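Note that our numbering numbers the first sequence so that position 510 is 510, with each residue one more than the last.
No lab work stands behind these hints: they were computed from the structure. Check each hint, because a few of them may be wrong.
What the hints assert, rightly or not - Pair by pair, the computed Cβ-Cβ distance ranges are:
(1) I90 / A211: 26 to 32 Å
(2) K695 / L30: 40 to 46 Å
(3) V913 / K20: 49 to 55 Å
Predicted model, so just to flag it, every value in this text is computed and none were measured. We put the beta carbon where it would ideally sit given N, CA and C, even for glycine.
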Amino acid sequence: MSYNITEIDQWAKAFWNENKVYEVTNDTSLPKHYVLDMFPYPSGAGLHVGHPLGYVASDIYARFKKMQGFNVLHPMGFDSFGLPTEQYAIETGIHPADATTKNIETYKKQINNIGYNYDWSREVITSDPKYYKWTQWIFLRLFDSIYCYENQKAYSISVLINHFETHGNHNNTAFTNKEVPPFSAEEWHQFSEKEKNDILMHYRLAYVDYAEVNWCEALGTVLANDEVINGKSERGGHPVVKKTMKQWFLRISAYAQRLLDNLESLEFTESLKEQQRNWIGKSQGALIDFKCNEDTIKVYTTRPDTIFGSTFVVLSPEHPLIEKITSSDFKTEVEAYQNYCKTKSDIDRQAEKKVTGQFTGAYATNPVTLQKIPVYIAEYVLMGYGTGAIMAVPAEDERDFRFAKHFEIPIVEIFDKSQITNPEIGDKKGIYINSDFLNGLEYAEAHTKIINQLIQLQVGEPKTQFRIRDAGFSRQRYWGEPMPILWKDGIAYPLPEDQLPLMNPEVDEILPTEDGSSPLARNQKWVNEIEGYTRETDTMPAFAGSSWYFLRYMDPNNEQHFVDTDLAKYWNQVDVYVGGTEHAVGHLLYSRFFTNFLYDIQLISFYEPFKRLINQGMIQGRSNFVYRSVSNPNHFISKNKITDAQQVTPLHVDVNIVENDVLDTEAFKKWRHEFANATFELEEGQYICGWEVEKMSKSKYNVVNPDHIIAKYGSDCFRMYEMFLGPIELSKPWNTAGIEGVSKFLRKFYHLFFNEAGELKITNDAPQAEELKILHKLLKKVSEDIEQFSFNTSVSAFMIAVNELNQIKCDKKGILEPLCRAIAPFAPHLAEHIWSKINPNPSSIVLASFPKFEAQFLIENEVEYPVSINGKMRLKLKFNTDADPKTIETEVLANETVQKWMEGKPLKKFIFVKGRMINIVI
RNA sequence: GCGGGCGUGGUGAAAUUGGUAGACACGCUAGACUUAGGAUCUAGUGCCUUCGGUAUGGGGGUUCGAGUCCCUCCGCCCGCACCA
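Full structure from sequences and hints, please.
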């Protein structure tokens, strides 16, 4: 036993530390490569077992790129603002800052144990005032900016003020999703300071609004849309209700089109792009006016071509026009129905299977049929989408159809579906009928025609609609960035930049105040610190800091700028970003928004943060079960001894006392008191456990701590086994049993270089062609695999090479030295150790070059062809690489075995694919 | 309901992108060494069988040739959803 894993692990780590091999310089003369991991939230539980997987992959990739001569930026940090730490603080009285420091320490220890090549001198911690100073600064840039939809670009708000001062808001191209009545330049000048600021607030990219927000009572804060899953909070699964509150928002909706368009150029998985497209939710249709007495009901539809089938209009129960249009004899019923809807959440309303609704007594005019059609209100129409009003087309919409049936409203068919197979309500296809000038047409033509007609009649216009809503940016919590805003007479003023960072004040208790304000409001001295102003007490959400952290790594200690322009230009986009899919619409969308914005205001020279994204799958747990007899609760039956007659209860058993599904019965008895006197029904002397793949969790006793694996097998083995498990993007169960294969491989690898006594045994003899072939076959495979993040296959390639070299007892330095460099990205500790022994006075192998694959060593002068008869492989024949196809054909057909299989039948066709195969068709 | 992905031995998985299915491992079986083996090494291991047949969720198709392409059905996973 001469391969002393622990010793080598510790020695290598110390060596790297002492020589600072992972420090990255801003040497702009070298080609750059930026490899990034999604930084973790440092929870008290320690590093999650799923994390190392992606980190190992990016680490291998980063090391490889470095060995290829790139200047590689591969940093790590912590996303350390957030709710769990605050909850922990409330429970324990420990200040979140202290808990955070401690958790980060634990995380770092675990991370370093695995041997990643992070440059810790560039560490970014979002809750560090030196960092969040710039988060606050970027927030102020957003506050100070508006978006011009014509130029698709953000500008300083001074541009808009200028426009207002000279033109009022005529020909104003600043994006807003609010109603702003027209005003002239003169009127603008007459407005009070407050009025002016209220108007400007409708355009700012960071703005305050009174709006319905997702309020989570249990967490005491509002949540962003992406933090709400099926009406429950993402963290903790608490109920979330709608509540109208004063809130900060980011006007991400201004960037909807760009965020959508830019997706094309990104190397993200199709499913991830699809998720973002869904979230942005672009739809194209028309706004159509339905006159209702002197009022106009604006309706949004994606299918204006179906308007001839619209026989009623439905408003959302919250629609502002309802009060005006409801006829007096329906007032009571309408109010009753509105009250009924108020008691239900959006989720409940959408889940309602019953048809409900109420006639308002009012009639609207269908602008093309000119028929009077009834106006209803119904819970299935939501105020939050489109205009909160629909033109119902019962013949072509399932819900409208059921509604019409229920209330006995006429249904007008608008499609001749005789040519459609399996026609259904809602197909919206066929030849138009009952549609006046659209009759006989098909969709494309009808669509253009109706739009033109609506424009001509001045009752409608084409309209593009986005589902994405502005991002709620306020949290009524303590552990987040304080908003650098001062209030005076209802006007929000930016905190002067020289007062950044604005730090979290000390408070007596980390709890919201009685009026629902954040804990920051408990410190009234802080709130009123600046004469004549009060401070904003909301804090920013967790995504604030994580939306731009990748920029800070480039220049982490800059105190003058959030990042130096030239350095940002050099390091540029993240070339490869590795992380889980859970951030598909949250973090990844916000980061893209921030980066596009910072590009617009010319602070950085690229607009998409992440060029290529690799999603890592989850590592699941592999649970083990014992089977307790129902009739005798102290008796456990081995898995294959259970008969139908025996009733058993499966119980989770700690996977650490099970090996290859065989239970250590003695350890089991000691595991928990109640099992001390357990008896077993064994099979062949063993107790066999059942197993199942489940989420890794403490309660299922299937958690495997990476620290334990590393203590037993070493960092290199852990790294390689994680990769060997399967493709990086796949979710798969962790099964410690399989690690032996990798462990054996590493020992074999070690013993290519050293004998049993640990003495170097390599020679300087010239490598043989066969050996060179093994090496270069490996180099080809590994270099290609690394680029594609296919690490499971490169690990097998190493195994194959080592097996082959072992077979021929290769001891040539000319082969083994490059082999050592090739494995360095995967098993850096062992490689460093070997490197130090085979090179006198070596610098680190981290700085060595990756051996280059040379095709010349793979040239074969003979190819072994599989010979198939009618597509079935029957034998193999060797031929010279450049043998003439005609010669091959003659020789193959003359072959005895071939003749036997041809059974004397005539040859129909002879297929020869050079270098691949031969097929004989008879 | 719509969209996307997937389905290969007892297990994790390979398959040069249409060309020898199951590489590499785990597990299992047998043997060697050994006081011992949960160490190490050797051989075997998809299934059925004597030649051989048959196999990539089921069925069909294209092709000289299909795990790979097309159609269809089944199953699993993910995302979206009374979205107007």
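Please test the hint of 49 to 55 Å on the beta carbon pair from V913 and K20.
54 Å Cβ-Cβ, so the 49 to 55 Å window holds.
Outcome of range test on Cβ distance (I90, A211; 26 to 32 Å)
The hint (26 to 32 Å, Cβ to Cβ) holds, given that I90 and A211 are roughly 28 Å apart.
If you check the beta carbons of K695 and L30, does the distance land in 40 to 46 Å?
This hint holds: roughly 43 Å between Cβ atoms.
Hint check: no violations occur; every hint is consistent with the structure.
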